[in-house]
Each structure stands twice: as structure tokens, then as C-alpha cells.
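Chemist: Protein chains in written order, with my numbering: chain A, 1 to 390; chain B, 1 to 232.
The hints are simulated quantities; they were obtained by calculation from the structure and are not laboratory data.
There may be inaccurate statements among the hints.
As the list claims (entries may be wrong) - From chain A, some residues computed to sit far from chain B (all C-beta separations above 12 Å):
#: 1; residue: Leu235
#: 2; residue: Ser305
#: 3; residue: Gly335
#: 4; residue: Gln341
#: 5; residue: Lys350
#: 6; residue: Ser353
#: 7; residue: Ser357
Unchecked claim - Facing chain A, from chain B, some residues (calculated, C-beta under 10 Å):
#: 8; residue: Trp76
#: 9; residue: Met164
#: 10; residue: Lys191
Ideal placement from N, C-alpha and C gives every residue a C-beta, glycine not left out.
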Amino acid sequence: MTAISDRRQLAYIAAQAADARVNIELEAEGMTLNIGPQHPATHGTLRIVARLDGEQVVEANPIMGYMHRGYEKLAEVRTYPQVTALINRIDWLGSFANEVPFILASEQLMGIEAPERAQHIRTILFEMARIANVTLFLGDMGVQLGAVTPIFYAFRDREHILNQIESATGGRFHPNFDRIGGLKDDLPAGWIDETKRSLKEIRKFCDQMEDLIIGNEIFQARTRNIGVIPADIALSYGMSGANLRASGVDWDLRRDSPVGLAYDKVDWKVWTHTDGDSFARYWVRLQETRESCKIVEQLLDTIPSGPIMAKVPRIIKVPAGEAFIETENPLGVMGYYVVSQGGLEPFRVKIRSASFSNMSISPWLLKGAYVPDVITILASLYFILGDIDR
Amino acid sequence: MADATETEEPVVVDEARSALLEAITADLGDALVGSHLLPGKDLWIRVSSESWGSTASYLRSKQQFRFFNFLSAIDWLPSPFGRSHGSSVDVALGNEDEAEVETTLGSGYAGGETRFQVLARVHSLTTNMGITVKADFPEDSLSVGTWINDYPGANWHEREAAEMFGVHFAGHPNLTALYLPSAFEGHPLRKDFPLLSRMVKPWPGIVDVEAMPEIEQSATADSSASTENPES
Numbered sequence: 001m002t003a004i005s006d007r008r009q010l011a012y013i014a015a016q017a018a019d020a021r022v023n024i025e026l027e028a029e030g031m032t033l034n035i036g037p038q039h040p041a042t043h044g045t046l047r048i049v050a051r052l053d054g055e056q057v058v059e060a061n062p063i064m065g066y067m068h069r070g071y072e073k074l075a076e077v078r079t080y081p082q083v084t085a086l087i088n089r090i091d092w093l094g095s096f097a098n099e100v101p102f103i104l105a106s107e108q109l110m111g112i113e114a115p116e117r118a119q120h121i122r123t124i125l126f127e128m129a130r131i132a133n134v135t136l137f138l139g140d141m142g143v144q145l146g147a148v149t150p151i152f153y154a155f156r157d158r159e160h161i162l163n164q165i166e167s168a169t170g171g172r173f174h175p176n177f178d179r180i181g182g183l184k185d186d187l188p189a190g191w192i193d194e195t196k197r198s199l200k201e202i203r204k205f206c207d208q209m210e211d212l213i214i215g216n217e218i219f220q221a222r223t224r225n226i227g228v229i230p231a232d233i234a235l236s237y238g239m240s241g242a243n244l245r246a247s248g249v250d251w252d253l254r255r256d257s258p259v260g261l262a263y264d265k266v267d268w269k270v271w272t273h274t275d276g277d278s279f280a281r282y283w284v285r286l287q288e289t290r291e292s293c294k295i296v297e298q299l300l301d302t303i304p305s306g307p308i309m310a311k312v313p314r315i316i317k318v319p320a321g322e323a324f325i326e327t328e329n330p331l332g333v334m335g336y337y338v339v340s341q342g343g344l345e346p347f348r349v350k351i352r353s354a355s356f357s358n359m360s361i362s363p364w365l366l367k368g369a370y371v372p373d374v375i376t377i378l379a380s381l382y383f384i385l386g387d388i389d390r
Numbered sequence: 001m002a003d004a005t006e007t008e009e010p011v012v013v014d015e016a017r018s019a020l021l022e023a024i025t026a027d028l029g030d031a032l033v034g035s036h037l038l039p040g041k042d043l044w045i046r047v048s049s050e051s052w053g054s055t056a057s058y059l060r061s062k063q064q065f066r067f068f069n070f071l072s073a074i075d076w077l078p079s080p081f082g083r084s085h086g087s088s089v090d091v092a093l094g095n096e097d098e099a100e101v102e103t104t105l106g107s108g109y110a111g112g113e114t115r116f117q118v119l120a121r122v123h124s125l126t127t128n129m130g131i132t133v134k135a136d137f138p139e140d141s142l143s144v145g146t147w148i149n150d151y152p153g154a155n156w157h158e159r160e161a162a163e164m165f166g167v168h169f170a171g172h173p174n175l176t177a178l179y180l181p182s183a184f185e186g187h188p189l190r191k192d193f194p195l196l197s198r199m200v201k202p203w204p205g206i207v208d209v210e211a212m213p214e215i216e217q218s219a220t221a222d223s224s225a226s227t228e229n230p231e232s
């Protein structure tokens, strides 16, 4: 139970003050530096308490929970269709991608499958969520190194994609468009041509970032051989997504297990980099954005006709069972472990979010790094606080 | 890309999972107390509480499950508040006597005898298969071994499970709260921890939207169909 009486309230405040005191305690060997909770590199409110020896980090300890919203508990008192409204807010830059694994897990439990057209449009929106998400990273990484211009280009060009997501789903950031058994609506008229135009802008943006950032000498000096993660360590920490592929692991769920999505119908490539440093993580994401454009363009040309909803009862009751479905989300592998006991609401939902595992390597990774590199390493890991805290 | 393999895939995966389960059964022996295989989809195993820690090193070194996916826990106690969407009686409104709160513990795939279960999932990149491992928490100590020696990524997952369920992972070096403030009392994801917002404002029930006149015919047909389970 939460603290209710005055005395408990006081104890609670005192404990919080004790938490906050960590950052002003100076130790004999070295000093303690507090980074955050408000810092532009953190995409939310993350706090890192770092013990320093000169310019080098001896120990880094991330403190989370500033944004913990308890979605796992809240999901237990909501019906299955209501849960998607919550989980949109986990990774708020690529919201549609959050809904898909949960819907797929529910569909697996119910034993139904979305029609082909719905799967196709799901894949398109999934990839567009990825483009909208990663575009911001491509610009934001420049800001962490002192280059302010790219972020404005990123916001400008992301708008093209967001407009298309909005015109199809009605929501710029939180579409809440995926339904058990299909999609809420069909695509609006003229959407396909308009989307192709916006993808051209993204391709132009990618070329621009390649010139501005990848080819930049300062960027290379600040990111090459910084924050190197070997493949085996990355795997045992549960790192996934572009972070893992930048360490040379050729694993992408879109290709290796395309459950309920149309990735196997198009021709595309999984990019990897062998270096595992901050530069590699940026480079892989840039190539993947281009690859996403390629996927969406091919899918737009081949949308099959047919219904967008399977036959689903109006009140959704999910048979008892357990299912785990994971997909390759913009930030990495995201999965939902759904336990049903045959009711209208899930019995338990475990949300496996990508950033949580990606960030759990940070105490290991930041050890020995220099203070200015802490910011670039964190930025290159690319996490979103909503995805860590859930 | 995967056009050729797509049609045969379920059969192939199924064989691979059966073979994997056989290998695990042979290697773990008595430590393996339950399993569940969903052909073409997934595999669950349940090990005894004492062998939970050693299962990690077995899966990682012998079976090449290199990727650590997640670790968490489940509370199998049915909600003591009876406030599920399907229930007809609302306990919090003073109907404690009428409510028939179910008290028998549920259990999922691969079985289970205790209220709390730990579950973890690892993935193998060589075979591209995942496996969910479960174990019961002993009722008296609520403690199992830690996985962080084999999968360092389990560190934060175990801290989260510990604070949310009030369970313990023996051998974890720093089992402090990850999300909750240090003076927080209780373990929020336990089923008997009340969700206060649901306590003060009752759930209104499923609001049945009135059908449009022209589609009334089909809507009533739909809702009559929905009363029965589509799969059974």
C-alpha cells in the first residue's frame, strides 16, 4: 500500500531526499557526477550517477523509475481491445509498432489470423513507424556532438511520414489502429501515391545525413572505437535491434520469424557492421532506414485486395493459454508474454521492451569511458524512456 | 525471400522443437518436471526450484541459447477483489458475502503447484528457436537462484521481479528496488495488491453500443455468436 498517514508521508519524503543526496557526496578517491534526470541525451527522464576518476568513469549507475506507469498492472484490469491504447505509449516515437506484437499474441491465443490485406497494411505502418522513429535518432545523434542542424532536418522530414500515418490512422503519435483480427479502417484514397512521395523525402534525408554526419571528421573521431560492444556480451545482456546488428550479429526477426507480417513477400537486406562501436550503431540505423523505405515502396505496389478484418466476435473473450510473440521494433526486439485464463482481460501481461535490455548493458559499457563519451555512447544506444520504464 | 521454405516451415520447426525437448529431457533428468510443446510455435519447460540457477548455464553452454530475452514472475492467485470484467458481483461495493471469490490457484503451460512462478525466456540464434523456462517459487522462502552469472542481462529483470512480486533471487549482488521509491510498501504486481483507481471508481462494465438501425440485423447475429467461444 502507498503511504497514507502523516508519519509515513514524512518517512517517504525523507527517503526521497536521501535518494537525491547521492549526487552531492564527494568521496576520497574521485568524485560523483550526477547526469540527469533532465538531460537532452536521455529522451525522457533518466538519471545516471557516475563515479569519476579524473575524466574517466569508474562506475555508472542508472536510476530509473521516473516514468514508471505500471502498464503490466493496468493491463490486468482492461479488456484486450483496451490494452492497445496503453501500450501505444511505451515507445512513443514508433507507437504502431508497439501494438503489433500484443495483437499478434492475442490472435495466436484466439487461433485467428488477420486477412492478407490487413497483414500487408500492418507491415507498411510498422515500417513507417520505424522510419518516423529512427529518423529522429539520425538527427538527434548530431545534437549530442554539437551539430545542431541535423535535428531540424530530422523533424522536418519526419513530418512527411507522420502526416501519412495521421491520414491513415487518425493519430500522429498514438494511432491505436491495430485490432484483434485486422485493422480499424482501410487506407484512404490517394494514400499510396502520397506515401511514395514522402518516402522520397526520407531517402533524400538519408543521403543528407550520410554527407553531413557520417562523412564528418569530428563525428568519426568522436564515435569510432568508442563504446565497443562484443557480440557475445551484447547477446547475454539481451541487446537487440540495430545495436546488436552493429556488433556483427546477423539476426533480424523481420527476416528470421516474420509471424503475421508480410516481410517475406518483399526483397530486402539485413545490414550488419562488425565494429560494434557508436559509429557502427549510427551507420546500421541509417542503412536500415533506407531499407525500410525499400520495403514500404515494394509493399505499397503489392497490396492484395480483400477484407481488412477477420470474423471476430464483438466481445472478445480469449481462451485460456499462454503466448509470447516478439517483433523487430524500431528500438529492438519487443515482445508480449500474454497469459489468459479465458476472461475478457488478460491475466498477466509481461512486456519485454527493447530499451530496457539495451540499457542494462550501460553499467558495463560506461565503465572506463570518458565523460564526454558517456553522452555519445548513450545517444548511440538509442533508448526511449517510456520503453525502459513502461 | 523465404518463399520456398514457407510452406514446409511448420513441420520442420516442429521436428526441431521435439528433438530439442528430447535432448533437454535426457540431459536434465529429474530436474525437468513439466513441458509443453505447441507445434510450430513455441516450447515451454518447467524445472524444479533447486535447479533453476543451473538451468541457465545448461541452456547457455550446452544448448547454445545465447540471447537472453526476459525474466519475470507470475502470481497465480485469482484476483481476490472479484472485480474482473466478467464477474457479476463487485466485492468493493460491500457485497463481500455474496461474492464467490475463487481461491484455487491457476497454472499455465507446463503446470505448477505454487502461487508464484518464475519464468524466463532465452533464444538460440543457431536454431532460431526460443524457449520459455519456468520454475515454482518454494512457498516458504520465495527464493530461487540467480541467472546473472550466465546471463548478466538478468540483473535488472531480477530486480524488477523482486520488487514487483516480493520474491528473492539468491546470489544476486544488488537486489534493490529498480523502479519504486525506497519507502514504497507492498509488491504492486501481486494479485492481492489493490489497484486504487479501480477501488474508488467501479468498473462500469462493458458498455454495449447500440447498433445502427440498418445493420441491426447483422449486429444481433454477431452478438449472439459472441456468447460462445469461437474456438470451442
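Chemist: It remains to establish, for every hint, whether it holds in the given structure.
Modeler: How the hints compare with the structure:
1. With a least CB separation of 4 Å from chain B, Leu235 of chain A falls inside the 12 Å interface cut-off, contrary to its annotation.
2. Taking the minimum C-beta to C-beta distance to chain B, about 21 Å, the non-interface status of Ser305 of chain A holds against the 12 Å cut.
3. Its beta-carbon lying about 7 Å from the closest one in chain B, Gly335 of chain A breaks the requirement of being farther than 12 Å from that chain.
4. Some Cβ of chain B comes within 12 Å of the Cβ of Gln341 of chain A; the nearest lies about 6 Å off, and the non-interface call is violated.
5. Some Cβ of chain B comes within 12 Å of the Cβ of Lys350 of chain A; the nearest lies about 5 Å off, and the non-interface call is violated.
6. Listed as outside the interface, Ser353 of chain A is inconsistent with that label: its C-beta sits roughly 9 Å from the nearest C-beta of chain B, within the 12 Å cut-off.
7. Non-interface call for Ser357 of chain A relative to chain B: violated, since the shortest CB-CB distance, roughly 6 Å, does not exceed 12 Å.
8. Interface hint status for Trp76 of chain B: upheld, as the beta-carbon distance to the closest one in chain A is roughly 9 Å, under 10 Å.
9. Using the Cβ-Cβ criterion of 10 Å, the hint placing Met164 of chain B at the interface with chain A is satisfied: the shortest such distance is roughly 8 Å.
10. Given hint, Lys191 of chain B at the interface with chain A, holds; its Cβ is 8 Å from that chain's nearest Cβ, closer than 10 Å.
In this structure, the hints that do not hold are numbers 1, 3, 4, 5, 6 and 7, in rising order.
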